[in-house]
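Per the numbering used here, residue 1026 is the first one in the sequence shown, and the count goes up by one each step.
None of these hints come from the bench; they were simulated from the model.
Think about it this way: if two alpha-carbon atoms lie no more than 30 Å apart in a straight line, the pair counts; the simulated DSSO-like pairs of lysine-lysine are: (1) K1150 <-> K1225; (2) K1045 <-> K1064; (3) K1061 <-> K1051.
Beta-carbon label-pair distances, calculated as ranges: (4) I1157 <-> I1259: 25 to 35 Å; (5) P1254 <-> Y1029: 11 to 21 Å; (6) R1257 <-> L1085: 20 to 30 Å; (7) P1208 <-> I1161: 22 to 32 Å.
Glycine included, every Cβ here is placed at the ideal spot set by N, Cα and C.
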Amino acid sequence: MGNYMEYPSSWDKTNKYALKIYNKCKVFYGPDDEEKFMKVFESSTFYNVFCFIALGYTVLSLAIIIIKKDVYKKTKNSLVLACYSNASLYNKQNNQETNDNEKQNKFVNVSGVTKRVTSYFTESKIVTALMIYMCISLFYDVVISIFEINYTMNPVSKGFCTSQYEQAPQFILIGFFLFVFAPVAYLNINKLRSNFSYGKMLNISMILIIICSMLYIMTTGIPSYICSPISRYIPSDL
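Whenever a hint applies, use it, and build me the whole structure from the sequences.
Rendered as structure tokens:
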């Protein structure tokens, strides 16, 4: 083993994922650093609190959507077009009716992929597409687990689970978001080009989501990050 840390005595040597983690991290720990290495896989209080806050935020958001669902008027246009119409009405009140009407006509009549996408994918179709994706993803994971295709959790108490193939739907979704949805959404948001606050917030939110997605992709492939104590607080799969 040389100057590297030996394989942890409490780990199952037949677990491929545990071996993979060990081979990645052993170069960062010496022979007497097993206890320090094991602490990397203990979740921190910060991480647990963050997860509970995120869970609560999600549940609260869903509850508000369900309660307020009848407040919103159903339309055949996309959400971006509806937001733009509201922005135009706001600017009309500030004596910019002519200029905003020209921008609106240019935006509505724009040709190319953006117009076809925003015209076809209404809110109901987006929800349907998400439901189909969730069903396919769930079916995929169930099939993978039933036939034990690179899917084991041994020992269960240590929580090591080979998830190379199981992550395929997630990576497909991330790829679609980064290379298809994000550019189209960012292009549509920039077409607003107004001084009202929510347009800027949409841009900021989109940029932050893109940055977080890129960080997720980067950190999952950097051994020095996965094996470091900081991953207890901000895991690479956060």
